[in-house]
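Trainee: Spelled out from the first residue to the last, the chains are:
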Amino acid sequence: MNVIETSGLGKRYGSTWALRNFTVAVPAGHVAALVGPNGAGKTTLLNLAVGLARPTAGAVNVLGGEPAGSPAALDGIAFVAQDAPLYKNLPAADMLQLTGNLNRRFDHGYAQERLAELGIPLKRRAGKLSGGQQAQLALTLALARRPRLLVLDEPLANLDPLARHDFMGMVLAAAAEDGMSVVLSSHVLAELERVADYLILVSGGRVQVAGEVDELLARHRVLTGPAAEAGRIAQRLSVVHARRAEAQAHLLVRTGGPGDPVPPGWEAHPVSVEELVLAYLREPGAAALPGPARTQKAEPTEVSR
Amino acid sequence: MADGPAGATPPDAGGGDGDTPLARSASPIEFRLDTASGVPTYLQLVHQVEHALRLGYLKPGDQLPKVRDAVASLAINPNTVLKAYKELETKGLAVGRPGQGTFVQATLSQVALPELATLRRSLLAWLGTADAAGLDEDGIVALFTSALRDFFERRGAPGRRGTSDSQKEGVA
Amino acid sequence: MITLNTPAPARRDTTPPPVPWRRLTWVSWRQYRMSAAGAAAFLGVLALYLLIMGLRIRGAYAAVADCSLSAPGKRCVGAFLLFDNDYFLIAETSAAVLLAVPALAGVFAGAPILARELDSGTFRFAWTQGAGRTRPTLARLALPALTLTAAAAAFSQLFGWFFYPFFAGREFAQASAFAPIYFTLTGIAFAAWTLTAFAIGALAGVLIRRAVPAMAAALAAWSGLLLATLLFLRRHYEAPLTTRTGQTSPSSWVISNWWTGPNGHRVTSENQIIAILNGGPHPGYTQWTIYQPATRYWHFQLIEGGWLLALSLLLIAATIWMVRRRAA
Chain A
2 MNVIETSGLG KRYGSTWALR NFTVAVPAGH VAALVGPNGA GKTTLLNLAV
52 GLARPTAGAV NVLGGEPAGS PAALDGIAFV AQDAPLYKNL PAADMLQLTG
102 NLNRRFDHGY AQERLAELGI PLKRRAGKLS GGQQAQLALT LALARRPRLL
152 VLDEPLANLD PLARHDFMGM VLAAAAEDGM SVVLSSHVLA ELERVADYLI
202 LVSGGRVQVA GEVDELLARH RVLTGPAAEA GRIAQRLSVV HARRAEAQAH
252 LLVRTGGPGD PVPPGWEAHP VSVEELVLAY LREPGAAALP GPARTQKAEP
302 TEVSR
Chain B
335 MADGPAGATP PDAGGGDGDT PLARSASPIE FRLDTASGVP TYLQLVHQVE
385 HALRLGYLKP GDQLPKVRDA VASLAINPNT VLKAYKELET KGLAVGRPGQ
435 GTFVQATLSQ VALPELATLR RSLLAWLGTA DAAGLDEDGI VALFTSALRD
485 FFERRGAPGR RGTSDSQKEG VA
Chain C
13 MITLNTPAPA RRDTTPPPVP WRRLTWVSWR QYRMSAAGAA AFLGVLALYL
63 LIMGLRIRGA YAAVADCSLS APGKRCVGAF LLFDNDYFLI AETSAAVLLA
113 VPALAGVFAG APILARELDS GTFRFAWTQG AGRTRPTLAR LALPALTLTA
163 AAAAFSQLFG WFFYPFFAGR EFAQASAFAP IYFTLTGIAF AAWTLTAFAI
213 GALAGVLIRR AVPAMAAALA AWSGLLLATL LFLRRHYEAP LTTRTGQTSP
263 SSWVISNWWT GPNGHRVTSE NQIIAILNGG PHPGYTQWTI YQPATRYWHF
313 QLIEGGWLLA LSLLLIAATI WMVRRRAA
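Residue numbers (our numbering), protein chains in the order written: chain A, 2 to 306; chain B, 335 to 506; chain C, 13 to 340.
It is worth saying that the hints were derived from the structure and are not from the lab. Some hints could be false.
Pair by pair, the computed Cβ-Cβ distance ranges are [as the list claims (entries may be wrong)]: (1) F54(C) to E275(A): 38 to 48 Å; (2) L477(B) to M2(A): 17 to 27 Å; (3) S131(A) to A49(C): 38 to 48 Å.
Reference excerpt, derived from the structure (chain A facing chain B, CB under 7 Å, subset only) [unchecked claim]: (4) M169; (5) L173; (6) G266.
C-beta atoms are modelled at their ideal positions from N, C-alpha and C, and glycine is treated no differently.
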């Protein structure tokens, strides 16, 4: 089952297309990371998936075919928007009651346990809590709904390192316990590797990369070798991004798999998620999408500089 | 390899009484993550289990950390832990009991002492050759690490052969 | 691909049933407790004022009740002047002030509900809950709407009691309940105008998305509507009557009157009119009065209450429709 499935999705604000021809299928049971530069369309995609916005073109379905924003979709998806919106003048206890009243399913016991563990006072107004506590409260409310899909828009932006760790620990524990799927957008690339097993790279309103992290990492590697041969390699292999000095070059290439032979005289190194994402961000023309119909041969921007 | 029913917490688990970080986990070991090592997370977990077995922290019958607990304390993807446990299962070191957790099944097979001695001798000989060729310590480590990685990549994990081999070995 | 094989909870395949209304009303109550308390306090003070002042007015009225204009004793004149000048002025001012209350109540209650939701971003929380957008919004509008309308109805009763001595219809009665401002404050009109103010506020809130501009716009729109009704609309609910007798019941609504001279033309000079009124018989001069008879009071109340109610419902429906369509 796909928790989010879009086909040719497009969203236009005024005369600008925030998303264009966006097709992606995020499988269930994963933690999917949505990465990309500011303004690339991440928030727009998430808003469309949770029913806060309507598509201008194409369609978005969630939880195995339910239209986004339908009652079944709203029931099964919990969303924590950027800056964790809460009713600032209500105490945490009231926020719990309120959320419980607005949903069919709400685990009060779980919510109170979590808030006690986190040390969030129930009687204090939400607006008086620290940024980290507000984020944790918003997350607790979302998780207590026992959703099938949790959607987080830049959840870690205002959190200190410890709060970030605890926040993600809570999300992932819920994913482990209930089989909940997670889609989160993030800038913090370094942490994605530990957390995400599905990656979607959005750039300029389009999908640039989409796939399981393991598979993406298996199908990419960095070849290090003589700069003079770089051009020749680029003709045979699909180079995503090249970095060249006078004598030495590093080529981030797409391969068929780990068994692919390494060109003689070259060294192969595995690639990290961070390196992969940065390389693709630097090469807007390149793409790595699932399915034979979608693999595009990287356009000849490869050997740059 | 499912964890217990969602939401069911044993009455004495949970950090309610203050000094119980140790009492919380039902497993003798706890995982830690080395983010700087460059080794994939799931492999780190596998190695930590194997290391714990070697050193005696884990004995057959002990429970490995619950997926949920490992995930909550390390903030890593649950599938990573599952992958590590599956790897351990494939190696025959652990077994999953549905509804209860993952448990240690066997100890690491010991390589016989004479064989170890032979291996050590051939290794020292090779080191002598490398040294004569002009490689310094870092150079030796780099070469060895790269060759090691290539070797296991092509060979596949123990218990599974590479793609060229259609036979399947190991624990069913 | 490795997937978690936790026991899958039984999931319903059909659309989930709607969330109960009572819980949604609780949501509405919880959020606006504070402002509701503030409004209640304010209205309480106002009611107290009307009560106290009303009792004093009745006292003054009782003092005058026994006398009649035709045979004023000294005591009567004094009492009468007190009643007619001082207290009437107070009462008139109170009436004018009271007219602002539904506007403010409606606007302050209606506009912020959705405007603040949109402005502060909490709609990204509220509209992604299982209950959806329509029902919670309806509940959040319904509770204040009903409370305000009920409070307004109570207030118009209180005002009726307060102003009764001046409506009493005796020879020295000063005011007609049918007159534009008093008509708006009595019967069911007051409640209807309050509800309309709320509905305009709510729609302004969802259209303008910011609380203060929405309040200002709603206030302007409501005032415009009231003005249009007082000046143009109301007099045409039924065709007004014309009389040349110059005698209309004190409780009727005199829309306009003028004099015509022997030549049939309108008398425009004020001096002439004064001369006619002060002097004796005036052959050839006729006073024309266009008016609505007192008997039509309740009929007009129902008409006005009716179309205001319809308008309010329409505006609230439009508000809900906008909420459904509003995209992030």
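Trainee: Work down the list of hints and note, for each, if the structure agrees.
Mentor: Hints, one by one, checked against the model:
1. F54(C) to E275(A): 38 to 48 Å: violated, 59 Å
2. L477(B) to M2(A): 17 to 27 Å: The hint (17 to 27 Å, Cβ to Cβ) is violated, given that L477(B) and M2(A) are roughly 47 Å apart.
3. S131(A) to A49(C): 38 to 48 Å: Hint violated: Cβ distance 28 Å, outside 38 to 48 Å.
4. M169: Since chain B brings a Cβ to about 4 Å from M169(A), closer than 7 Å, the hint holds.
5. L173: Because about 4 Å separates L173(A) from the closest Cβ in chain B, which is inside the 7 Å limit, the hint holds.
6. G266: violated, 14 Å
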